[in-house]
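Colleague: Same order as they appear, the protein sequences are chains A and B.
First residue of the first sequence: 1, per the working numbering; consecutive thereafter.
First residue of the second sequence: 1, per the working numbering; consecutive thereafter.
No false leads were slipped in.
Since the list gives no way to pick one copy over another, a pair counts as held whenever it fits inside one copy or between any two copies.
Listed next, the in silico DSS-like pairs over lysine-lysine satisfying Cα-Cα at most 25 Å (straight line):
(1) LYS118 / LYS86
(2) LYS69 / LYS95
(3) LYS95 / LYS116
(4) LYS86 / LYS116
(5) LYS95 / LYS118
(6) LYS69 / LYS118
Don't read these hints as lab results, they were simulated from the structure.
All of these numbers come straight from a predicted model, not from anything done at the bench.
There are 2 protein chains.
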Amino acid sequence: MRAFSRGFRDELFELMRWRRDVRRFQTAEVDGALLARCLDAFSLAPSVGLSEPWRIMRVDSHEARLRVKQNFAETNADALSRYDGKDADSYAALKLAGIDRAPVQLAIFCDDATPKGKGLGAGTMPEMRRYSVVSAVTLFWLACRAEGLGLGWVSILDAPRLARDLGASTDWSLIGYFCLGYPEQEDDTPELARDGWEQRASALEIRQV
Amino acid sequence: MRAFSRGFRDELFELMRWRRDVRRFQTAEVDGALLARCLDAFSLAPSVGLSEPWRIMRVDSHEARLRVKQNFAETNADALSRYDGKDADSYAALKLAGIDRAPVQLAIFCDDATPKGKGLGAGTMPEMRRYSVVSAVTLFWLACRAEGLGLGWVSILDAPRLARDLGASTDWSLIGYFCLGYPEQEDDTPELARDGWEQRASALEIRQV
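The following block holds chain A by itself, in its conformation from the complex (with noise of 0.2 Å):
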């Protein structure tokens, strides 16, 4: 039985309050052992009949950053090209990714064909395994910026090529590419609410069958 006290119950809502999308980092580098108790969020993460099918790569490499930029750069053009008017200046003016200057960049991926949990869970809905991979890296988001880091999710990618680009197994599907690393700033108001380009939803609707 453990039970958590008032007091953590609004600090824990404090942390999601607090939690950003960064895409504006210092370079300071991330301490090794920092990093790994980050990564521990993943082995409490919940996962359909437990088949923990996350699989990590960490971006180190001059060549390999430079084709995920190249990705980036070029999926971001495209994006950019189906907006008109305001709302293309305004996409032009956002900044969507850290690639540049995240001293930590991880390809986070799902195996779907993983025999672990013997595909419990996943028969009917079998993107329960990236669901779970997503479960995964939202509790690594939370002890992230509980640490005082700052974590981004790239999705403006071509996300087969990336995959292709660094290597990872044809059965692998990319769930996002995350840039790591204190930020430049911290807010409580999310930057696409900051720019202007979309607000928060004033309350939440509950549909009663």
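With the hints as your guide, set chain B onto chain A.
Modeller: For chain B alone, coordinates are given in the frame of chain A:
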């Protein structure tokens, strides 16, 4: 600038350690204000382009619950038929959903067609919207456990049939069916591990490129 103490970080990992996928519930009701407080986690969750694509249905009516129960029973029987020998015996002995007793039941969807966020970040990876819902659910899961509530994620379902049965919009895809209530017991080890179905990996592998 919002920093978190070592004590808080340790307790955050304790929370992750005691989070479980719960299938055995007490019948005790969940207070409405308490549930609302946990659901506040959604409004702090990350979402691609600030699209906030989560759509939540609270399933209360006898008829709707009966349909979910039938859906699960048939899908689970089909899943069982795919195992042989010892695995089939083990699978049959598992309790995989708390639909029979959980006082609160939520069907959570992703609106794949939401205009919110203007498609940002979801051009090449439209699955990012669904991943956003999974991230939000993960924060909600932690919030629930911090309040002593157990959450169980049911994925052994015919998802399109469930969406139809509940009258979901055709643009919505089911992310999961969630059972919520006070757990019969608390544990720091997953039920699938206790039951011998699968164990957690001993270490997290990181490949460097």
